[in-house]
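Engineer: Chain order of the listed sequences is A and B. One point on numbering: in numbering that gives the first Met the number 0, the residue at position 311 of the first sequence is 310, and numbering is uninterrupted. One point on numbering: in numbering that gives the first Met the number 0, the residue at position 379 of the second sequence is 378, and numbering is uninterrupted.
Check before you lean on any hint, since a few could be wrong.
The list treats identical chains as interchangeable, and a pair is accepted whether it falls inside one copy or across any two copies.
As the list claims (entries may be wrong) - Distance condition first, Cα-Cα at most 20 Å in a straight line; then the derived SDA-like pairs of lysine to any residue:
no.: 1; residue 1: K80; residue 2: K95
no.: 2; residue 1: K125; residue 2: E306
no.: 3; residue 1: K112; residue 2: H207
no.: 4; residue 1: K75; residue 2: E93
no.: 5; residue 1: K95; residue 2: M278
no.: 6; residue 1: K12; residue 2: I371
no.: 7; residue 1: K254; residue 2: G279
Worth flagging that the hints you see were computed from the coordinates, not collected in a lab.
The chain contents come next:
There are 2 protein chains.
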Amino acid sequence: MEYKLYFDYENKKAQKEAYERVLKEYESQEIGYYHLPEHSKKFKNLKFKNFEEVVIIGIGGSSLGTKSIYEMIKNKYPIKKMIFLENPDPIDLETKFSQIKNPLFFVISKSGKTIETISIFKKVIKHFNLQKGAKNLKIITDPSSPLEKFAIEWDLEVFNIPKNVGGRFSVLSAVGMVPLRATGIDITKILQGAKEFRDRFFEKKEEHLLKKAAFYARNYKIYPVNVMFAYSTILNAFKEWYVQLFGESLGKNGKEIMPVGHIGSIDQHSFLQLLMEGMGHKTITFLKIQDFENPLKIPNINLPFLEETNFVNGATFEKLINKEEEATKEALIAKEYPVDEVILEKLTLYNIGELIMYYEILTSAIGSLLDINTYNQPGVEIGKVILKNKF
Amino acid sequence: MEYKLYFDYENKKAQKEAYERVLKEYESQEIGYYHLPEHSKKFKNLKFKNFEEVVIIGIGGSSLGTKSIYEMIKNKYPIKKMIFLENPDPIDLETKFSQIKNPLFFVISKSGKTIETISIFKKVIKHFNLQKGAKNLKIITDPSSPLEKFAIEWDLEVFNIPKNVGGRFSVLSAVGMVPLRATGIDITKILQGAKEFRDRFFEKKEEHLLKKAAFYARNYKIYPVNVMFAYSTILNAFKEWYVQLFGESLGKNGKEIMPVGHIGSIDQHSFLQLLMEGMGHKTITFLKIQDFENPLKIPNINLPFLEETNFVNGATFEKLINKEEEATKEALIAKEYPVDEVILEKLTLYNIGELIMYYEILTSAIGSLLDINTYNQPGVEIGKVILKNKF
Numbered sequence: 000m001e002y003k004l005y006f007d008y009e010n011k012k013a014q015k016e017a018y019e020r021v022l023k024e025y026e027s028q029e030i031g032y033y034h035l036p037e038h039s040k041k042f043k044n045l046k047f048k049n050f051e052e053v054v055i056i057g058i059g060g061s062s063l064g065t066k067s068i069y070e071m072i073k074n075k076y077p078i079k080k081m082i083f084l085e086n087p088d089p090i091d092l093e094t095k096f097s098q099i100k101n102p103l104f105f106v107i108s109k110s111g112k113t114i115e116t117i118s119i120f121k122k123v124i125k126h127f128n129l130q131k132g133a134k135n136l137k138i139i140t141d142p143s144s145p146l147e148k149f150a151i152e153w154d155l156e157v158f159n160i161p162k163n164v165g166g167r168f169s170v171l172s173a174v175g176m177v178p179l180r181a182t183g184i185d186i187t188k189i190l191q192g193a194k195e196f197r198d199r200f201f202e203k204k205e206e207h208l209l210k211k212a213a214f215y216a217r218n219y220k221i222y223p224v225n226v227m228f229a230y231s232t233i234l235n236a237f238k239e240w241y242v243q244l245f246g247e248s249l250g251k252n253g254k255e256i257m258p259v260g261h262i263g264s265i266d267q268h269s270f271l272q273l274l275m276e277g278m279g280h281k282t283i284t285f286l287k288i289q290d291f292e293n294p295l296k297i298p299n300i301n302l303p304f305l306e307e308t309n310f311v312n313g314a315t316f317e318k319l320i321n322k323e324e325e326a327t328k329e330a331l332i333a334k335e336y337p338v339d340e341v342i343l344e345k346l347t348l349y350n351i352g353e354l355i356m357y358y359e360i361l362t363s364a365i366g367s368l369l370d371i372n373t374y375n376q377p378g379v380e381i382g383k384v385i386l387k388n389k390f
Numbered sequence: 000m001e002y003k004l005y006f007d008y009e010n011k012k013a014q015k016e017a018y019e020r021v022l023k024e025y026e027s028q029e030i031g032y033y034h035l036p037e038h039s040k041k042f043k044n045l046k047f048k049n050f051e052e053v054v055i056i057g058i059g060g061s062s063l064g065t066k067s068i069y070e071m072i073k074n075k076y077p078i079k080k081m082i083f084l085e086n087p088d089p090i091d092l093e094t095k096f097s098q099i100k101n102p103l104f105f106v107i108s109k110s111g112k113t114i115e116t117i118s119i120f121k122k123v124i125k126h127f128n129l130q131k132g133a134k135n136l137k138i139i140t141d142p143s144s145p146l147e148k149f150a151i152e153w154d155l156e157v158f159n160i161p162k163n164v165g166g167r168f169s170v171l172s173a174v175g176m177v178p179l180r181a182t183g184i185d186i187t188k189i190l191q192g193a194k195e196f197r198d199r200f201f202e203k204k205e206e207h208l209l210k211k212a213a214f215y216a217r218n219y220k221i222y223p224v225n226v227m228f229a230y231s232t233i234l235n236a237f238k239e240w241y242v243q244l245f246g247e248s249l250g251k252n253g254k255e256i257m258p259v260g261h262i263g264s265i266d267q268h269s270f271l272q273l274l275m276e277g278m279g280h281k282t283i284t285f286l287k288i289q290d291f292e293n294p295l296k297i298p299n300i301n302l303p304f305l306e307e308t309n310f311v312n313g314a315t316f317e318k319l320i321n322k323e324e325e326a327t328k329e330a331l332i333a334k335e336y337p338v339d340e341v342i343l344e345k346l347t348l349y350n351i352g353e354l355i356m357y358y359e360i361l362t363s364a365i366g367s368l369l370d371i372n373t374y375n376q377p378g379v380e381i382g383k384v385i386l387k388n389k390f
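Okay, chain A solo, but in the shape it has when bound:
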């Protein structure tokens, strides 16, 4: 992968401080996600039998990361289909129920009592007539959570999430790795990519991350928004994962870096105008797949009266979308936005692992410099209390 910063910035003191704080989290084992590449290796040889679809019952941190990876790779590898039961939206649930033929269910909740997840789980129990000891029903949760206790009572297989791994940082734990392993992919490659990026970071070989973190944290009042422009439709769930990661981690104590996710080139036709001529105050990150490994071409056809479009004739679609990315990037750099670019040479499992670890460490580094607790989410508790009182 390649990381390019198109803005000039150095703050050695802040970069050093961020590095040391992140290092402390890592070495003290206080924060668990750094260690998942080793921890999750044990899932590499899991085998599940007699099913057609992997069905995830989970929301937020229990589904977004898995969905990101699945959407990026599903067209590339011959893997089982995944279906995500996330939202307690009756129309969405009914549509998805009708697609489930021969499922392997994973009920995923860190706390083990997420109301949406358990409600959907109850409906699934009834609809699919699940019983104690069901072989096609697996549980992923924290050790000793109510959901684990239930699983023991029901004689179900349980995979644990380490207590010191937060939901939005959990994709490389059992949360993502076990269901993705069930689809048939080689999760060791994802873990390897994550591990090697982490190691290079702690060997001080990824200074760009610290520069970017320092810039974002020291200038959050001038640039309270980070826009991700991801150039491929298959990065759609990834941008949502990034929105959760930044949003829940970095919006606290009256401070924030608000994540906004967009898909290129589609959103050049929607959001670009506002970037070009609005109020500014945003950093912009381009996420790009250099090599789609796909030869699809724009045919060399000359259509009468449409000759003006012939300049792309014979080019691959990959070239078109990537040149659009470059053109938009250059237009925004010319407007003096702090722009950076994250480039996946190819869409490999290794690169996906690296991308995830990059974003997680970036979030930790920014949070440490904002002097906030990156890992909690006290703001969402009050809504849960209000909800309970409405029934």
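Please build the complex by placing chain B on the supplied structure of chain A, with the hints as guidance.
Structural biologist: Relative to chain A, chain B alone:
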């Protein structure tokens, strides 16, 4: 539909000014979208034959509105499937090509030379072996555009977009109404909903819209962001349509109201923390479907150790998602955000038409008070020039 403002605001001068400017646009016929409910009636009896899927080749304003409506209604009405070829992403295109069996194609471009659209069109011509005079190939474009001239040369049926209707305001023109009519729905109900809202607005019966517009425009420096929280997965494309409508219309001359779209209850698990404890400076709009017309219930099951979740037992999922909306709304009102709520009693074609017209007039009203040209998009031109020089 119901519209509730949970903030106290009145600015009679600004409200009057917005009303008069919008009225002038409407009466002078300078801006065309207000008149589409009458204009598009002529499409109501269109019949298309011998096809299974409606395939849209278009991007931005040529697809988002149609997709919004389609996603909202596809589970409710027995209509033909729609497939959207939008992004020049080779992986996405190949996946969608493989789903096309017996298509009716609509190539949609207002300017008639959108590079993504024409490039994909060329690939479609080759892949599906389309010829001059093809009966399953229709063109939707501005009068006298290069694409219309091509269509005449190729002997294809053409539907025109009125010149004074901008792309992002065009869903009620041929752009949306012709392909949606082709799926089999009764577009007159959509047009009726839009017309009646417009008429009530000009009869001064929708003052809430002007209050909201005045508040947004007069406070854009304090609240430069509007977050839409739409409570149903089927509103996903609608929130993208809204992002284009606000983003391209209201980001100009160093001013902006940045649209951010989220889906409830999923994004309560991602973005809510930042709203609760971040920097504020956002208005928040809740979009809610009161009656999903779906009886799906959370079964009355008592799971050992999960008794804490029993408070929702026996409730419909509709009740759960709507109570979540209420709880989140109340939590954000308590944080003194300027919150408002748009409620569709049911998901009917009539209400969808009203919702679209509401958002379009709201955009016009805000733009008029920001003293910007709501209808152009000069900021996106430079990227197109840069792109051309890259080939």
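Engineer: Which holds for K125 with E306 at a C-alpha limit of 20 Å: within a copy, between copies, both or neither?
Structural biologist: Only across copies: K125 and E306 sit 17 Å apart there, 60 Å inside one copy, limit 20 Å.
Engineer: Can you give me the call for K80 and K95, within, between, both or neither, at a CA distance of at most 20 Å?
Structural biologist: Both ways: K80 and K95 sit 12 Å apart in one copy and 16 Å across, limit 20 Å.
Engineer: I want to check one pair: K75 and E93. Are their C-alpha atoms no more than 20 Å apart within a copy, between two copies, both, or neither?
Structural biologist: between (28 Å within a copy, 12 Å between copies)
Engineer: For K95 and M278, with the copy left unspecified, which applies at a CA distance of at most 20 Å: within, between, both, or neither?
Structural biologist: For K95 and M278, neither the intra-copy (41 Å) nor the inter-copy (37 Å) Cα distance is at most 20 Å.
Engineer: Pop the pair K12 and I371 into one bin, within, between, both or neither, using alpha-carbon distances up to 20 Å.
Structural biologist: Result: close within a single copy only, 18 Å intra versus 43 Å inter.
Engineer: Tell me, please, which holds for K112 and H207 at an alpha-carbon limit of 20 Å: within, between, both or neither?
Structural biologist: neither (39 Å within a copy, 40 Å between copies)
Engineer: Give the relationship of K254 and G279 under a CA distance limit of 20 Å: within one copy only, between copies only, both, or neither.
Structural biologist: both (18 Å within a copy, 9 Å between copies)
Violated hints for the displayed structure, listed by number in ascending order: 3, 5.
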